[in-house]
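Student: What follows is each chain in one-letter form.
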Amino acid sequence: MATDNKTVVSDGLQEFRENRELKLQEEENQNLTTLNLGPTHPATHGIFQNILQMDGEKIVSAVSTVGYIHRAFEKIAERRPFYQITPLTDRMNYCSSPINNMGYHMTVEKLLGITVPQRAEYIRVIMMELARIADHLICNSILGVDTGAFTGFLYVFQEREKIYDIYEEVCGARLTTNMGRIGGMERDLTPKAIHMIKEFLKEFPKVFAEFESMFNRNRIFVDRTENVGPITAERALNYGFTGPNLRAAGVDYDVRVMNPYSAYADFDFEIPVGSKGDTYDRFMVRNEEVWQSLRIIEQAINNLPEGSFHADAPHYYLPPKQEVYRNMEALIYHFKIVMGEIDAPKGEVYHAVEGGNGELGFYLISDGGRTPYRLHFRRPCFIYYQAYPEMITGVSLSDAIVILSSMNVIAGELDA
Amino acid sequence: MELTNENVLGKIIEKFGTDNIWDAYAPDGIMTFQTNRESIVELIQFLYDDEELQVRFLTTMAGIHYPDQKGKELCMMYQLHSLRHNLRLRIKVYFPIEDPVLPTITHIYATANWMEREAYDFYGMLFTGHPNLIRILNVEDMEYHPMLKQYPLEDQTREDKINTYFGR
Chain Y
1 MATDNKTVVS DGLQEFRENR ELKLQEEENQ NLTTLNLGPT HPATHGIFQN
51 ILQMDGEKIV SAVSTVGYIH RAFEKIAERR PFYQITPLTD RMNYCSSPIN
101 NMGYHMTVEK LLGITVPQRA EYIRVIMMEL ARIADHLICN SILGVDTGAF
151 TGFLYVFQER EKIYDIYEEV CGARLTTNMG RIGGMERDLT PKAIHMIKEF
201 LKEFPKVFAE FESMFNRNRI FVDRTENVGP ITAERALNYG FTGPNLRAAG
251 VDYDVRVMNP YSAYADFDFE IPVGSKGDTY DRFMVRNEEV WQSLRIIEQA
301 INNLPEGSFH ADAPHYYLPP KQEVYRNMEA LIYHFKIVMG EIDAPKGEVY
351 HAVEGGNGEL GFYLISDGGR TPYRLHFRRP CFIYYQAYPE MITGVSLSDA
401 IVILSSMNVI AGELDA
Chain H
417 MELTNENVLG KIIEKFGTDN IWDAYAPDGI MTFQTNRESI VELIQFLYDD
467 EELQVRFLTT MAGIHYPDQK GKELCMMYQL HSLRHNLRLR IKVYFPIEDP
517 VLPTITHIYA TANWMEREAY DFYGMLFTGH PNLIRILNVE DMEYHPMLKQ
567 YPLEDQTRED KINTYFGR
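Protein chains in written order, with the working numbering: chain Y, 1 to 416; chain H, 417 to 584.
One should not assume that every hint holds.
The calculated lysine-lysine pairs, modelled on DSS-like cross-linking and capped at a C-alpha distance of 30 angstroms, are [stated by the list, open to error]:
| no. | chain 1 | residue 1 | chain 2 | residue 2 |
| --- | --- | --- | --- | --- |
| 1 | Y | Lys75 | H | Lys565 |
| 2 | Y | Lys346 | H | Lys565 |
| 3 | Y | Lys58 | H | Lys565 |
| 4 | Y | Lys75 | Y | Lys346 |
| 5 | H | Lys486 | Y | Lys346 |
| 6 | Y | Lys162 | H | Lys486 |
I should point out that these hints are in silico values taken from the structure, not numbers from a laboratory.
Construct the complete structure from the given sequences, taking the supplied hints into account.
Tutor: Next comes the structure, spelled out in structure tokens:
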């Protein structure tokens with residue numbers, strides 16, 4: 001079988017190279033130039049290459065190459081005990097790692113059949129919405145940079161810093177957070193963390209309103225983004241778009257509403273949608289989502305239920321450290337969990353959360369062992385980035401840059 | 417008619433028969449069933465075209481390798497979503513590793529393009545009719561398909577490493 005496959009591989013490669021030769025010849029005949037956009041280009045905000053065929057300023061065709069930071073997470077996950085996989089998920093969409101962490105925890109909880117107390121769910125929602133704000137701030141402010149407005153970027157990054165301070169207070173880390181545990185949170189929200197969140201809710205709206213007033217009706221910004229890179233709802237669905245990119249095209253699909261997970265069913269919020277699916281709509285949908293996220297956080301922090309911050313699941317949730325020194329069961333569970341000696345039940349689950357840029361899904365098959373048999377990540381970036389060549393065909397190079405940053409493609413998630 | 421997993425499955429079986437649709441269960445509330453390579457494209461096209469079901473969103477595709485199942489070593493999982501009814505479906509196709517050929521569904525879903533390339537890259541599945549079946553995440557001239565179970569990751573506790581090679 002190995003030899004068979006090998007010949008097929010080289011055949012495919014041969015064909016690929018011949019096609020490339022043909023393309024180059026064709027290009028010479030038509031007087032086109034080839035331009036390499038990336039892999040390391042400051043305007044691509046990540047490591048991905050696009051080989052563009054240019055007719056002057058206009059892009060005639062584009063080919064995307066991805067995989068420059070492929071780290072084989074799906075393969076690594078097949079060897080690791082469940083709790084050691086969370087740090088891998090951090091490194092997918094590193095602009096909103098808490099969402100990835102929580103999504104993964106909820107998937108495993110679904111497999112194990114653990115019910116998490118309301119308080120833990122509320123804390124999760126708060127952290128996920130903060131992460132969404134941070135994610136959208138990066139995307140939108142960088143879109144500003146790409147259209148020539150650096151001020152907004154610097155201004156909101158100070159606010160993003162405050163979100164990272166909250167992460168630090170809650171879990172100790174800032175970027176790759178590894179926040180929460182299977183079964184809840186690793187610790188309760190401290191009074192300081194609650195104070196910081198409330199403070200953020202008070203200060204941030206002013207700053208963000210200023211950010212919005214700088215862009216929303218700015219002539220230069222609107223000219224650069226309106227009707228740039230539009231995609232119809234039908235095409236977007238066919239390409240598997242999710243998240244703000246799909247909603248900008250006018251489809252109100254949001255996992256938080258369609259399949260409410262965690263405590264989202266308890267909150268009152270709206271799903272903003274666009275109409276044209278162009279760069280400006282994507283920008284506006286993200287802005288509005290930031291306001292909705294603030295609404296959710298406010299409702300959650302004001303109605304934070306009393307109770308435990310983790311489920312009563314001694315087989316999977318690490319006992320408190322002082323118990324480990326005094327209590328025999330705690331010591332045994334601690335040892336078994338840390339050594340990864342606890343088997344999960346057999347099963348097959350899919351769980352999706354609304355990530356910063358779309359439906360982030362985890363498809364987990366367990367064969368009853370200490371590690372997943374198969375863990376597949378449905379990475380929204382990977383799926384919608386393939387529409388990029390189609391979206392930039394026929395537009396100018398400067399528009400292609402703007403379209404790329406408005407799609408919020410995160411290289412870490414794309415390549416997993 | 418209210419759409420439940422059972423109704424939808426009944427409708428699909430009515431159209432394709434129990435010879436082509438079998439082993440239905442819902443492990444996590446998502447209706448999962450098996451089909452064969454001959455009917456997969458027709459089935460997905462039927463689900464897409466059906467005015468009542470309107471299953472028009474391909475959520476994800478994932479390959480799975482079961483080295484111990486003789487003749488059914490590879491599995492392709494298609495997860496579809498009807499956004500109209502908020503109904504998810506999971507379709508599995510098993511096939512032997514000696515003959516890892518599947519028909520492509522890129523003509524129905526543009527998004528299947530990279531998903532199929534990923535399955536080819538990781539598991540060596542060949543999709544007939546795919547416009548550009550080359551590796552996507554790994555390097556072009558890699559000579560194996562890394563997600564197959566015969567390529568284990570290095571055991572972290574192994575002791576046969578020669579320390580001088582690692583500067584220890």
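Student: Out of the numbered hints, which ones does the structure contradict?
Tutor: 3 and 6
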